[in-house]
Amino acid sequence: MNFEEYKNLWVFIETFQGKPKDVGLELLNEGRRLADLTQERLCAVIIGSDVDESVAKVTAYGVDDVYVVKGKEYENYCSDSYGDAMAKLVRKFKPATILIGATHNGRDLGSKVAVTLQTGLTADCTNLDVDQETENVIWERPAFGGNLYAQILCADSRPQMGTVRAGVFKKGEPDDSRTANVIEVDIHTPQELITTKLREFIKGEEPADLKPAEANIVVAGGRGVGSKENFSIIQKLADELDGAAVGASRAAVDAGWVPHFRQVGQTGTTVTPELYIACGISGAIQHQVGMKDSATIVAINKDPDAPIFEIADYGIVGDLFKVVPELTKAIKELKAAK
Amino acid sequence: MNIIVLIKQVPDTSEIKIDPETNRLMRAGVPSIINPVDKNAIEAAVQYKEEYGGKVVVLSMGPSQAKKALKESLALGADEAYLVTDRLFGGSDTYATSYILSEAIKKIGDFDIIFAGQQAIDGDTGQTGPSTAQHLGISRLTYVVDVSLEGEDTVIVKREVEEGIEVIASKKPLLCTVTKAINKPRYATIKSILAANQAEIGEITAADLGEIDKNKIGLKGSPTRVKKTFTPDISKNGEIIAADTAEEAAEKLVDKLLAKNVL
Ligand SMILES: Cc1cc2nc3c(=O)[nH]c(=O)nc-3n(C[C@H](O)[C@H](O)[C@H](O)COP(=O)(O)OP(=O)(O)OC[C@H]3O[C@@H](n4cnc5c(N)ncnc54)[C@H](O)[C@@H]3O)c2cc1C
Ligand SMILES: Nc1ncnc2c1ncn2[C@@H]1O[C@H](COP(=O)(O)O)[C@@H](O)[C@H]1O
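Top line first, the protein sequences correspond to chains A and B.
So the first sequence is numbered by the UniProt record's numbering: it starts at 1 and just counts up by one.
So the second sequence is numbered by the UniProt record's numbering: it starts at 1 and just counts up by one.
If you are wondering where the hints come from, they were derived from the structure by calculation, not from laboratory data.
There's no promise every hint is true.
Stated by the list, open to error - Calculated lysine-lysine pairs in the BS3-like style (CA-CA distance at most 30 angstroms, straight line):
1. A:K171 / A:K70
2. B:K216 / A:K322
3. B:K236 / A:K332
4. A:K19 / A:K72
5. A:K170 / B:K227
6. B:K68 / B:K55
7. A:K338 / B:K260
8. A:K335 / B:K158
9. A:K7 / A:K19
10. A:K170 / A:K203
11. A:K7 / B:K55
12. B:K236 / A:K70
13. A:K88 / B:K228
14. A:K228 / B:K252
15. A:K211 / A:K302
16. A:K57 / A:K19
17. A:K203 / B:K68
18. B:K260 / A:K302
19. B:K227 / A:K302
20. B:K17 / A:K171
21. A:K7 / B:K158
22. A:K21 / B:K17
23. A:K92 / A:K19
Stated by the list, open to error - To give an idea of the interface, some chain A residues facing chain B are shown, with a C-beta separation under 10 angstroms as derived from the structure:
24. L34
25. L37
26. C78
27. D80
28. D108
29. V115
30. T119
31. T122
32. L153
33. E200
34. I202
35. P304
36. K322
37. V324
38. A330
By construction, the Cβ of each residue, glycine as well, lies at the ideal position given by its N, Cα and C atoms.
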């Protein structure tokens with residue numbers, strides 16, 4: 001393997017029905033920082049049948065090059081066709097680094113491409129850096145449910161690959177006046193290599209509410225909330241705060257009080273809002289993994305020894321059924337006074 | 001025809017604690033369990049067998065204590081179980097692990113379908129299953145919530161993605177990584193546990209895998225390396241708001257958030 005040949009940082013842009021998912025745009029922002037550190041080009045990779053909207057969007061978010069593979073066989077994600085296209089692209093253009101969003105399809109694609117190219121992949125990263133001397137990416141990820149973190153290197157093979165959780169990095173500001181070098185590559189996957197076929201897609205219920213990962217403020221409830229009906233107390237506080245979403249611990253989700261899309265943590269979403277208000281949540285490590293990087297954390301819990309207080313900026317030791325309605329009232333008054 | 005299941009023995013991560021003095025993982029006394037979602041993989045295989053016939057063969061790569069997990073899999077309805085074990089396999093990352101598992105599967109013989117869990121709670125990578133399929137050169141479908149056969153050799157799989165459920169037709173053989181939503185694992189009976197305890201768990205070592213490429217296994221064969229591990233200290237010197245009533249606490253909090261420009 002000739003290391004010198006491998007250059008530039010690629011971000012795989014996952015699309016759904018022709019639109020790029022947020023995680024890819026988040027990775028462009030972090031990718032730019034890393035590419036600057038090694039003075040490399042930042043490139044987006046878009047595979048699909050209908051790609052124009054995605055190309056325009058990544059251009060506005062800022063990239064140097066966009067590699068585009070277009071074809072009927074890429075209409076929907078499929079590991080055979082996408083994996084084949086990606087492996088061919090890598091062999092042709094030889095990137096040093098590939099970042100992929102750690103979605104279901106992203107993890108699927110990552111394993112396919114890494115094994116095909118016989119290279120290393122670090123899954124579900126939550127922090128990235130570059131060792132300036134060797135230009136190796138330092139991939140950081142939690143293990144053992146967040147009890148331990150590991151820094152991982154892929155020093156002897158290229159490209160070095162990693163998947164990164166959604167919501168860990170923030171998107172940049174789009175600017176429609178930006179331009180990018182769009183390279184359409186003529187790649188196709190022969191039909192006989194495609195062994196699985198999508199028959200039907202059953203769309204999940206799109207939550208009408210803001211998802212926790214998209215919100216500036218998250219008001220989250222845990223087992224302490226006690227019931228499905230009681231979650232209205234949490235909802236009312238969220239309603240008073242502009243751009244707030246309701247989140248939850250796994251205990252509240254498992255109890256069936258709120259749907260899974262609200263779950264924050266290791267097996268839910270990662271959030272980094274300006275303000276996170278944890279109500280009746282003990283703060284188990286698996287929950288902390290998903291919210292510890294929120295700018296300001298408030299904890300309301302009746303147990304003064306709850307671990308959530310260790311990572312909170314402000315704590316109120318008290319009964320959430322008393323404190324949360326008072327807080328809602330105080331914010332309402334504040335808004336009225338403004 | 002064989003139905004293969006890949007399981008991993010893992011420490012029960014909900015019981016792991018960090019030693020506050022040394023900042024290290026305290027694994028002593030932490031029970032070893034079958035990776036929770038791998039029980040769903042076993043159950044999916046047993047249900048597949050009950051519906052369409054075949055023999056359920058469970059494989060696990062790990063040290064000899066993983067035989068306990070394999071015995072448990074027999075109690076849960078598997079027919080045979082093998083431990084893939086060798087000092088040469090130590091230090092394998094997901095690339096090397098999945099390569100070794102793929103070689104062990106080839107040794108077991110022909111198969112219809114392989115089940116694995118979507119991810120393990122210790123490493124949490126979700127890479128081993130699909131990577132094994134890639135080493136074998138077969139189809140794979142990840143995040144599977146339903147499996148059924150259509151005719152002789154088309155498998156219909158429901159697969160979960162963030163936006164909904166995909167219904168996919170695949171040719172056999174294939175590998176599925178399953179989620180918890182696929183089924184509810186059955187409990188072992190006293191009788192099945194006693195029978196499993198008597199069973200011999202076969203071992204598959206590097207020597208048994210004559211064709212294996214020694215450059216692709218163990219620490220040496222692993223493209224990724226752990227540089228260091230640490231337990232981050234994320235505790236903040238936060239402030240507990242002192243107040244006599246809930247109303248006072250709420251007002252003080254709002255003032256502080258205002259002062260910090262959060263509201
Ligand atoms: C593999 C794995 C993955 C996991 N993934 C996640 C995940 O993604 N997200 C997640 O959240 N968890 C996850 N967990 C579960 C996690 O370990 C905890 O069990 C869970 O977070 C606990 O939820 P909780 O804090 O709501 O409940 P509890 O731990 O029961 O805490 C409830 C808290 O409410 C307080 N309380 C009760 N009544 C009141 C009241 N009236 N007023 C004020 N406070 C009150 C109590 O003092 C207590 O601190 C995972 C676990 C495992 C093993
Ligand atoms: N050492 C192993 N032996 C057998 N199966 C494994 C092993 N490691 C992982 N697996 C399988 O791969 C799945 C995903 O594991 P991981 O990639 O570690 O998250 C598990 O749920 C198991 O089904």
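Sort out which numbered hints this structure fails and list those numbers smallest first. The structure breaks hints 2, 8, 11, 12, 13, 17, 19, 20, 21, 22, 24, 25; every other hint is satisfied.
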